[in-house]
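Visitor: One letter stands for each residue in the lines below.
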Amino acid sequence: MDITESVINVTDVDVKIGTAEILHKISASAGQGMFVGIIGPNGSGKSTLIYCMSRTLNPTTGKILIIGEEIEKYSRKELAKMLGVVPQESTRTFDFSVDDIVMMGRYPYQKLLRPPESHDREACQKAMALTGISHLSGRSISTLSGGEWQRVLIARALAQETPLLLLDEPISQLDINHQIEILSVLQSLTRQGSTVICVIHDLNLASQYCDEIIMLDQGTVYAVGTPHKVMTPENIRAVFGLDVLIKTHPTTGKLYLLPIYHKRPIKTVAERYILFVVADLAPRLCLLFMQPNVMSAQVFSL
Amino acid sequence: MGNIRALNTTISVVSYRWMLIIVLSAIAVISAIVCTFIGPSNICGIQIMETMETSKMSLILTQIRLPRVITAFIVGGGLAAAGAAMQGLFRNPLADPYVIGTSSGGALGAAISLVIFHSYLLPLAAFCGACSSTIIVYIICRQNGKVAVETLLLSGIAISLFCSAMLSFLMYISGDDLHQIMFWLMGGLWNATWDKVRIGLLIIPAIGVLFFTVRELDILSLGDDEASSLGVNTERIKIVLLAVTSFITGIAVSLSGSIGFIGLIVPHMVRSISGSSFRFLLPISVLAGGILLMWADTLSRTFMNDMPVGIITAFFGAPFFIYLIRRRMWT
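As you go down the protein sequences, you meet chains R and Y in turn. For the first sequence, my numbering begins at 1 and goes up steadily by one. For the second sequence, my numbering begins at 1 and goes up steadily by one.
Keep in mind that the hints were calculated from the coordinates and are not lab data.
Chain R stretches covered by chain Y per the calculated footprint, using a threshold of three residues with CB under 8 Å from any CB of chain Y:
{"id": "1", "region": "47-61"}
{"id": "2", "region": "64-77"}
{"id": "3", "region": "108-117"}
Below, computed lysine-lysine pairings styled on DSS-like, alpha-carbon distance capped at 30 Å:
{"id": "4", "chain 1": "R", "residue 1": "Lys77", "chain 2": "R", "residue 2": "Lys63"}
{"id": "5", "chain 1": "R", "residue 1": "Lys77", "chain 2": "R", "residue 2": "Lys25"}
{"id": "6", "chain 1": "R", "residue 1": "Lys81", "chain 2": "R", "residue 2": "Lys25"}
{"id": "7", "chain 1": "Y", "residue 1": "Lys238", "chain 2": "R", "residue 2": "Lys16"}
{"id": "8", "chain 1": "R", "residue 1": "Lys16", "chain 2": "R", "residue 2": "Lys63"}
{"id": "9", "chain 1": "R", "residue 1": "Lys77", "chain 2": "R", "residue 2": "Lys16"}
{"id": "10", "chain 1": "R", "residue 1": "Lys111", "chain 2": "Y", "residue 2": "Lys238"}
{"id": "11", "chain 1": "R", "residue 1": "Lys81", "chain 2": "R", "residue 2": "Lys63"}
{"id": "12", "chain 1": "R", "residue 1": "Lys77", "chain 2": "Y", "residue 2": "Lys238"}
{"id": "13", "chain 1": "Y", "residue 1": "Lys238", "chain 2": "R", "residue 2": "Lys81"}
{"id": "14", "chain 1": "R", "residue 1": "Lys25", "chain 2": "R", "residue 2": "Lys63"}
{"id": "15", "chain 1": "R", "residue 1": "Lys63", "chain 2": "Y", "residue 2": "Lys238"}
{"id": "16", "chain 1": "R", "residue 1": "Lys111", "chain 2": "R", "residue 2": "Lys77"}
{"id": "17", "chain 1": "Y", "residue 1": "Lys238", "chain 2": "R", "residue 2": "Lys73"}
{"id": "18", "chain 1": "R", "residue 1": "Lys77", "chain 2": "R", "residue 2": "Lys126"}
{"id": "19", "chain 1": "R", "residue 1": "Lys63", "chain 2": "R", "residue 2": "Lys229"}
{"id": "20", "chain 1": "R", "residue 1": "Lys25", "chain 2": "R", "residue 2": "Lys229"}
{"id": "21", "chain 1": "R", "residue 1": "Lys16", "chain 2": "R", "residue 2": "Lys81"}
Don't be surprised by glycine CBs; every beta carbon is placed ideally from N, CA and C.
Extracted from the complex, chain Y is given alone in its bound form:
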């Protein structure tokens, strides 16, 4: 009897999570369509059919809004996936590409390539920057194979500040305007074009690689020693995860600057509805992160005069981050 009941609850929990994935996918598709039709220059479907300026309208829709919506979804989903994976990797619910300095490393790399190579190899440079700052943070805060919360946050902040300072310095000497600096520091999606979308598609296979490691992520979050005694090749999986999360962050940064806190907030909210197991946490985070950034961007470009969307995510993300730190202190 007990077994049957347990089996039933297991099945219902699993199917509940599958339902969640299906519902969120549907919401993502609908949101993408709705967001494409919302914007400062009011276009709705009926208008397109009625007016003679169809070509201009469709130009706005297909060449400006649609790539922007798709980029927002890919970047948001990618950052959420990278955040979730980093939380497992660092065994720490406060890890996120923005908090531990990966984003600002990527932004610095992108800026360097922009100044020196005139934006050839920009995604590659962003990846290298993201990767090296993650590795530096990891080396700084690793003690006896463990990563302590405090040192992780502190070294992440230190690297972040350093990269931001270098970024400002680069912008200062290269004579770029304030708008460009804002783009890298705060993140925005106003540069999105179909070319950018094509680069952004690289994030999808990277997320795919993360799906291959869900079991290892689960086990890794128990600790290195336990993971290796359960048969996980911890060193190899860590290198894979660091490389993939840095890759995703690097690409995301090269498309949209460093948009903060998506990777922190989304996995947290998702964990409370789907549980901690990465095989559901990861796909649901990708969908939720994509939807969140799509709407945040639509909000900013429609009602806030195209304010950098990073400001919106930071506006909601930073208090949430403080709440998480406080909650950790209570428990």
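Chain R with its partners taken away, still in its complex shape:
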């Protein structure tokens, strides 16, 4: 993709924390209107990549462009008008109301000491309606469940009305109905021209909603492209160490994964032997010693 076209462009980003290299030579980009999913096992650097993209963390080396301009060139306020961030978790130290939290999304637009204006209120109401939390208006945040709180945070990012949204596992605590609802809302935003970059753990939902998937493994990009290109049994086995069947969803035509529910395939002769001794032979011998009157033939009958 051409650099000028892409809303966000990450080039050769390295992140080192102490001696540990969290990200290594990451390059990625997202064009306008794209729904990009970031997948990968725990500790593969998904959140760190989101931190870099939102300038929460400065990469050790490498360059990040937001709408053709280097990310450091923006002031915090300008950046907050460009990209909204939904964090993985957020602590609730003080007891604000839901409306207060969503209104915080309007901070970059508000003037000093001015009360919120009508378009600020409208943006908040719209964001709350989209995330299905209008009924929580006026509630205090300490009374919310984990899933409701997560939707409040998403509403706050939507109230920012940014062309780019970065979400770090935004649906991890939602029930399946709300997971689909939130992802559908994000998808409809991309149809209206927004760009969404989202860390998703559920590979089926990722393939269902994402236009493009970035698969991370140990701090590097293992594969990138459409779900059809990235979600292959080979890639999943290499990155997640899991055997899966890939099927086509009967109604949507998208891919979905079925894990093959057995342990890792056993390969070597030595492994087979150890498994035989530990899992098969040893229990039978124990049984034999504990109950000598049982015929050995019974115990060893196969």
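Start from chain R and add chain Y according to the hints.
Guide: Chain Y alone, transformed into the frame defined by chain R:
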């Protein structure tokens, strides 16, 4: 329908808070008048008119009591505002100028200037002391941009103890009497004069600066990363808040020694009636803190033979502090 109802509740909540501000302002004015007329030498309005010693009475009222009442209000309001702001800044409901060592730093600074410069620049020295102890505590307990409760309290206590020890040492070598040491360690308002009130007025613009940062304080209490992703320049706002809260505490200490726990108790009580949003928490805390200290001081000088008012605030504040710590453990 839902929207209209939500809007109505929002409006009623907001107007309820405005009502609270108006009522508290009225209480503050009435309290100030009442407190001026209460004291060990019994003066009431009728007496002034009746007796011939009007000039002496009015002298007591205008030169002793009135400045003292005003100082109490400014110091109490300032400390409450500083406490509320620090709680937002440290993202921690247990922060307060006294608990985290700002007050004792200010007291040390004031004492140093008293010994060396003979009280010129005393407010400035108190500010410098308050500022440096806050910054030291902040640097000690900051880890990965976050401030943990335990380290905050421990480093605050450590700095407090150190400053108190230095203060006692200074007083010991300079040969001051016990009364002076008590003043800085416990806090009292018996030194209040119109000159002090004039210095105290500096607290008002400082509180004004805090009002400019209410939105940032709200957002900052969610965490640095979230605040900056919402567009807050966190580093700059932290420096502003540290400077302003230290300034307020420094001035307050230079007027009245280190009066404890006002900044802790008041924002807590206010939060339970006004909610956590700083745009109401801050003004209501200022009013409530001022009223509280005015009455505490009146109580101490009328009935307790001018006992340092810091003893009264500590007497009620320390158990409250323990209660807060216990409640944190339960949740």
